[in-house]
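Colleague: Sequence:
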Amino acid sequence: MAITLKNEHDIAEMRVACRLASEVLDFITPHVVAGITTAELDRLCHEFMLNEQGTIPAPLNYQPPGYPPYPKATCISVNDVICHGIP
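Position one of the sequence shown corresponds to residue 3 (our numbering), numbered consecutively onward.
Please note: incorrect hints may appear among the correct ones.
Cut-off 20 Å, straight-line C-alpha distance, at most; resulting in silico cross-link-like pairs (SDA-like, lysine to any residue) [said to hold, decoys possible]: (1) K74 <-> H33; (2) K74 <-> I84; (3) K74 <-> P89; (4) K74 <-> L46; (5) K74 <-> T40.
Don't read these hints as lab results, they were simulated from the structure.
Using the sequences provided together with the hints, build the complete structure.
Modeller: Below, the structure is given as structure tokens:
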């Protein structure tokens, strides 16, 4: 696989994406407490992305060929699980 070199515009867009992701993580961190469900965390993140950032969650409705669309805004796993889980 060849390495694709990024130009200044590509890098600027990557910075925006990273900033937006960082904002979501900063927003949700205080809500990650014992007893909260992954569904509630997903709902909070989704609302923040839509209402505060004006963005659309990347995983939502992502559909690789032969698979159903991903139904949630986030991929969350509990404790030491290292797989992406549907909230």
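Colleague: Holds or violated: K74 with H33, Cα cutoff 20 Å?
Modeller: holds, 18 Å
Colleague: K74 and L46: Cα distance at most 20 Å?
Modeller: Roughly 12 Å between the alpha carbons, so the hint for K74 and L46 holds.
Colleague: Between the alpha carbons of K74 and T40, is the straight-line distance 20 Å or under?
Modeller: Distance ~11 Å between K74 and T40 Cα, so the pair holds.
Colleague: Does I84 lie within 20 Å of K74 when you go C-alpha to C-alpha?
Modeller: Holds: K74 and I84 sit about 18 Å apart, inside 20 Å.
Colleague: Tell me if the straight-line CA distance from K74 to P89 falls inside 20 Å.
Modeller: Cα-Cα ~7 Å, so holds.
Checked against the numbered hints given earlier, this structure breaks none of them.
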